[in-house]
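All chains should be modelled from the sequences, with the hints used to inform the complete structure.
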Amino acid sequence: MERPLTRNIKPNADPVWLAEYEKAGGYESVRKALQTMAPQDIQKLVTDSTLRGRGGAGFPTGKKWSFVPMGPDAPRPKYLVVNADEMEPGTFKDRLLLEGDPHQMIESMIVSAYAIQADVGYIFLRMEYGIAAARLRKAIGEARAKGYLGRNLLGSDFSFDIYLHTSAGRYICGEETALLNALEGKRAIPRAKPPFPQVVGLWGKPTIVQNVETLCNVPHIITQGVEWYRRLSRGKDGGTKIYGVSGNVKRPGAWELPMGTSIREILEEHAGGMRDGFAFRGLLPGGASTAMLVEEHLDLPMDFESIPQGGSRMGTGTMILLDDQTCPVGFAQNLEHFFAQESCGWCTPCWEGLSWTERILQSLEDGQGRMEDIDVLAMHTKLLGPGRTFCALAPGAMDPLQSFLKYCRADFERHIHERRCPWGNGRDGADGARIWPVSSSMIVPTR
Amino acid sequence: MLSDAERAEIEEELSHYPDKRAACVEALKVVQRHRGWVSDESLKGVAALLGMTCDELDGVATFYNLIFRKPVGRHVIFLCDSISCWTCGCDAMRKGLQTRLGISMGETTLDGRFTLLPIVCLGACDRAPTMMVDDDLHGNLTTQKIDRALEQYP
Ligand SMILES: Cc1cc2nc3c(=O)[nH]c(=O)nc-3n(C[C@H](O)[C@H](O)[C@H](O)COP(=O)(O)O)c2cc1C
Ligand code: SF4
Ligand code: FES
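Which chain is which? The protein sequence lines are A and B, in order. Residue 287 in the numbering used here sits at position 287 of the first sequence; the count goes up by one each step and never skips. Residue 79 in the numbering used here sits at position 79 of the second sequence; the count goes up by one each step and never skips.
By construction, these hints were calculated from the structure, which means they are not laboratory data.
Straight line, CA to CA, 25 Å or less: simulated BS3-like cross-link-like pairs of lysine-lysine:
| # | chain 1 | residue 1 | chain 2 | residue 2 |
| --- | --- | --- | --- | --- |
| 1 | B | 70 | A | 186 |
| 2 | A | 382 | A | 193 |
| 3 | B | 20 | A | 205 |
| 4 | A | 186 | B | 20 |
| 5 | A | 146 | A | 32 |
| 6 | A | 23 | A | 138 |
| 7 | B | 44 | B | 20 |
| 8 | A | 10 | A | 138 |
| 9 | B | 70 | B | 44 |
| 10 | A | 63 | A | 193 |
| 11 | A | 186 | B | 44 |
| 12 | B | 145 | A | 250 |
Just the calculated beta-carbon pair ranges, DEER-fashion:
| # | chain 1 | residue 1 | chain 2 | residue 2 | range |
| --- | --- | --- | --- | --- | --- |
| 13 | B | 145 | A | 276 | 14 to 24 Å |
| 14 | A | 63 | B | 12 | 36 to 46 Å |
| 15 | B | 12 | A | 147 | 21 to 31 Å |
| 16 | B | 104 | A | 19 | 49 to 59 Å |
| 17 | A | 138 | B | 152 | 23 to 33 Å |
| 18 | B | 33 | A | 296 | 45 to 55 Å |
| 19 | B | 102 | A | 63 | 50 to 60 Å |
| 20 | B | 102 | A | 66 | 55 to 65 Å |
| 21 | B | 19 | A | 305 | 35 to 45 Å |
| 22 | A | 268 | B | 145 | 22 to 32 Å |
For glycine and all other residues, C-beta sits at the position ideal for the given N, C-alpha and C.
Take a look at the structure:
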């Protein structure tokens, strides 16, 4: 089984550095692109490859690039930004690529920048990824010294350089327009669209924001071709996918597999099935903002086309398991606590609605819920649905909630009838401190 | 206000952007690396260097949970409280930490050694439950493992 994205990655080993990376065929796509291809050729290849964004939304990459103004009259400079914020709970795939093969990230950026004729690239990295930061810095230095970055790459008239930007927390920074504000040194609240970043992005210039994993596909498409790329997949969308599984399974982890591998195969063959003493109840297929799937969906292929048949989205492709030892109401409470805390506060339905949702779920967990609460929760899934808030954070928070109301309704009702959490969660079960202080401004000074 | 070393590191960051204020988060982090947190005094220094008003800069600083505008202990423990860690027992880890350190979330130990804070998913859910101490990730936690790990941070 071919695994182009992770071919250089060995568990618990240092990444390959420049000499070794080149020996394994690294930077070949840069040579091929700059010496034999026009930017439009690469755009066409990427479109034909059917590559779709791996950051959650699955937008076709070639199509996104086609909106960038090209030619001598295009506004300059143009920017390529890598979204390496990876803060969606349950998602840990970009970390693998960044820590495991930093030169692949650099190579991917160079050829992608060439395709849209970008002048400057930024890697927007979450602060907690310190190892990735150190390795990327070293790789950028090596690449610059070797002439892969800087002026007139490989003697061509294309110039490009890359800078690493390390952030300081907050999930909303991963939303692409909030990310642009963050990069500009402003509060990271999303921008209105249109205009789209492809046309009016960073400092008002054309900008492409792309997920780490998405970009890492591009060099391989250039060197090995579209036919090869599409054959890697078992479904309609080309390539491989880094799938992950976390929760109470025997072998949690991430694996690069053909796009369209079934959920069951990932769960049973790769993650080893449930841990002893735990039974399967459901899973969120691609991070905290995707709706739950249950037993009947296990044979769905994990791809952009198939997962919606089960009423969910592939999202980031990293699954989170719900088992029978875990309270579904508590699970939903944990998710909504995250979203309420991470709401940027810009629009009222989101910050009001999410904190209300969280409080209702907490009171259910505490055994103080009423039947009407379920209706209020259901109402929120509509009120905060797509199109009613400024960005996709709030609808993303409602997707899992509506699925829990659908598949675990009896558990919600049990909390109300028994006036307690049957799993022993909530204030009585824990220690009365479920609502933790959330921001640095709430740090209690040293006594 | 700012030391020469801090100033030099911030100036290096400035060269990466066409606009000075774009370096503000990195600049605040430079200060935080040197002093542990960002005081009003340091904030003023950074603002002057970047041509921003203090209010503008504080508006950005307070947006981020990893910029500390109040003093913290010598080491900061960030315990992941997101979903995969929660299903794998982070509540028990929190109780263990609170008992061992004698503090609640958000507090600093009396000797100024540790500050305990929650953090969202650390992107290491395959190693749940997880925590980060300063810059180091610790995964597959048990209370015994936490006890051993903390010994590395005097
Ligand atoms: C609240 C929120 C957080 C997001 N966080 C990330 C993230 O951390 N990484 C990422 O690649 N995309 C994230 N996205 C999606 C981005 O907005 C954007 O769609 C993506 O970076 C585009 O890249 P792609 O087409 O390569 O997937 C987030 C979206 C929202 C609404
Ligand atoms: S939906 Fe939420 S996160 Fe998005 S802009 Fe509105 S308040 Fe901010
Ligand atoms: S949920 Fe804790 S590391 Fe992801």
